[in-house]
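Trainee: Sequence:
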Amino acid sequence: MKLQLWDTAGQERFRSVTRNYYRGAAGAILVYDITNRSTFNSLSSWLADARSLASPDLAVVLVGNKVDLEEDSRQVGELEASKWAKRHDCLFLETSSWTGEAVSTPFLLLARSILLSIESGRIDPARNGSGISYGERALKRVPSWSVGSDSGFEVGGSGRGFKKVKSKCC
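If you read the sequence shown in the numbering used here, its first letter stands for residue 294, the second for the next number, and so on.
Worth flagging that the hints you see were computed from the coordinates, not collected in a lab. This one's a predicted model, so the numbers in the text were calculated from it and none came from an experiment. Each statement offered as a hint is correct.
Estimated spans, in silico, between C-beta atoms of each pair: (1) GLU363 / SER413: 36 to 46 Å; (2) SER338 / LEU362: 16 to 26 Å; (3) ARG330 / SER390: 15 to 25 Å; (4) LEU372 / ALA419: 32 to 42 Å; (5) LEU362 / GLY317: 27 to 37 Å; (6) GLY317 / SER366: 29 to 39 Å; (7) ASN421 / GLU364: 46 to 56 Å; (8) VAL396 / ASP342: 16 to 26 Å; (9) ASN421 / ARG344: 10 to 20 Å.
All C-beta atoms, glycine included, are put in the ideal place defined by N, C-alpha and C.
Using the sequences plus the hints, can you model the full thing?
Mentor: Rendered as structure tokens:
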């Protein structure tokens, strides 16, 4: 699975540009700062934008960042955020981009959620606007996808027809 990621900064001044990135998206990760209540308070607005412009089956992960900071600097409690996520049908976790704690987890959760939606038939990758597209021709022969019991993913089938993609970076 190849994910295309856009960091839209979440700042009001970029809102009109940000809306363009939501179109056709299959998933979104909303990040707020646990030490800054205003970032949490603006989540409803950002989520409404994403849900109105993205795929109808948008998978969303809510991420509270900066858990490495002192507890007394916290303005948004984990329980409060968890309840908000549940009410809005989002997955939830907290991370620290400073220490790297659980930084890859939101991406894995989002990918897993999208894969489960494909497997269950809730998302049809062939439908326009699903937010899912096949890359190279070989990828159109995708074997059955299955989600492993750990945080990784397993691909069923022989895997024939897939080429290892070399990084073009650096």
